[in-house]
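As you go down the protein sequences, you meet chains A and B in turn. Note that the first sequence ends on residue 200 in my numbering; no numbers are left out. Note that the second sequence ends on residue 200 in my numbering; no numbers are left out.
Warning: the hint list may mix true and false statements.
Heads up, simulated BS3-like pairs for lysine-lysine below, C-alpha to C-alpha not over 27 Å straight-line [said to hold, decoys possible]:
1) A:Lys63 x A:Lys37
2) B:Lys63 x B:Lys37
3) A:Lys200 x B:Lys200
4) B:Lys37 x A:Lys63
5) B:Lys49 x B:Lys37
6) A:Lys49 x A:Lys63
7) A:Lys200 x A:Lys142
8) B:Lys63 x A:Lys37
9) B:Lys37 x A:Lys49
10) B:Lys49 x A:Lys37
11) B:Lys200 x B:Lys142
12) A:Lys37 x A:Lys49
13) B:Lys63 x B:Lys49
14) B:Lys37 x A:Lys37
Only part of the chain B face toward chain A is listed, based on derived beta-carbon distances under 10 Å [to be verified]:
15) Arg123
16) Leu167
17) Ser170
18) Asn174
19) Val194
Quick caveat, the hints were computed from the structure, so don't treat them as lab data. Remember, it's a predicted structure, so these values are computed and weren't measured experimentally. For glycine and all other residues, C-beta sits at the position ideal for the given N, C-alpha and C.
Number of protein chains: 2
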Amino acid sequence: MSKAPASSTSANETGNNRAQLSPGDWVEAALEVLVDKSIDSVRVDVLAKGLNVTRGSFYWHFKDRDALLRQLLTTWRNTMTEQLIDRFEHSDANAETLLHELLSLPFRGQAAARSASIELAIRAWARRDAMARQFVTEVDAKRLAYSAQCFVALGFSLHEANMRAFLLYSYVINESIMGGQGTEQQRNQRREFVHQLLLK
Amino acid sequence: MSKAPASSTSANETGNNRAQLSPGDWVEAALEVLVDKSIDSVRVDVLAKGLNVTRGSFYWHFKDRDALLRQLLTTWRNTMTEQLIDRFEHSDANAETLLHELLSLPFRGQAAARSASIELAIRAWARRDAMARQFVTEVDAKRLAYSAQCFVALGFSLHEANMRAFLLYSYVINESIMGGQGTEQQRNQRREFVHQLLLK
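All chains, full assembly: derive it from the sequences and hints.
Here is the structure:
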């Protein structure tokens, strides 16, 4: 994982473009620090130094550190959850295919590994921060509800669908986190096994 | 969660007993800081201040910070995994009961919540540290192997047992992490559902 986001490198290289940093650049820089260090290290002075801009320029975009953290959580929720659900909902795939796609999320290489690191960092933070916890709870609920819809579409009762959605979600998160357990063949067998069991 | 372990409070209250701090007191203090802040905050000076002792007294017990971190990981592995497995192995319970006990681990109130916080903090750390990753991978492998033994004892083939163990483990970790999803009744239903499905 690179220590600095691409945008900061760009800012370093073209100092006269520094003012063109967007709120998204600050969010991305904050996310890097959160994953590489911890939430306590996500400080305006640290980020400004990393982005090679003045501390004061932060306040062009955000009222305070809390506003940045809220934007970080909002961005995480939107990109990792809502965009994903939107994409699925606008595809022509049937429920069976959507289920397969959900089960395949942990197998998307570097992107999946990066997502897992972000998820772990945000969940560790949420154990001791009310705002982060609120976002995580909301994201979990949305993902579970979406997964449950797939099972309803496959003919299960709402109760059965909710139970299966929780197990599906548990599998997807754990396969992402514990990618190191087993060979690629074993991981593929695991996915296929879970797929079949969840349809029983 | 208390900011300081019980043993440090005791040391604070009876300053003349400070020298009686054990290596375990340092490990416990380090674990608190890891969970409440991050691994980067686990520094000898920070811990010494929290324990109200001199920085130098740390070196009575540990060669350096790395030795402390290794001891922290060893303690985590032993208490959360090996002792658990030992306890199960020396009980008279049959495989069906052991399976029920494994599924019930996330329901142990405060102890389970505390374990989940520690697990998340260590896993977040392991995403960017080779030594922590080595311990986490080892712990995961042991827990999976143990769970698989239960399924073998229940009559499943080794392959089937390994698949089921992974799903069981995924459920246990996720139920611990996402305790906020659902009412107590729903959580109990989830556990019962997973139990039944894993035996199919």
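So, going through the hints one by one against the coordinates:
{"no.": "1", "hint": "A:Lys63 x A:Lys37", "result": "24 Å, holds"}
{"no.": "2", "hint": "B:Lys63 x B:Lys37", "result": "24 Å, holds"}
{"no.": "3", "hint": "A:Lys200 x B:Lys200", "result": "8 Å, holds"}
{"no.": "4", "hint": "B:Lys37 x A:Lys63", "result": "24 Å, holds"}
{"no.": "5", "hint": "B:Lys49 x B:Lys37", "result": "15 Å, holds"}
{"no.": "6", "hint": "A:Lys49 x A:Lys63", "result": "19 Å, holds"}
{"no.": "7", "hint": "A:Lys200 x A:Lys142", "result": "24 Å, holds"}
{"no.": "8", "hint": "B:Lys63 x A:Lys37", "result": "24 Å, holds"}
{"no.": "9", "hint": "B:Lys37 x A:Lys49", "result": "22 Å, holds"}
{"no.": "10", "hint": "B:Lys49 x A:Lys37", "result": "22 Å, holds"}
{"no.": "11", "hint": "B:Lys200 x B:Lys142", "result": "24 Å, holds"}
{"no.": "12", "hint": "A:Lys37 x A:Lys49", "result": "15 Å, holds"}
{"no.": "13", "hint": "B:Lys63 x B:Lys49", "result": "19 Å, holds"}
{"no.": "14", "hint": "B:Lys37 x A:Lys37", "result": "10 Å, holds"}
{"no.": "15", "hint": "Arg123", "result": "5 Å, holds"}
{"no.": "16", "hint": "Leu167", "result": "6 Å, holds"}
{"no.": "17", "hint": "Ser170", "result": "4 Å, holds"}
{"no.": "18", "hint": "Asn174", "result": "4 Å, holds"}
{"no.": "19", "hint": "Val194", "result": "6 Å, holds"}
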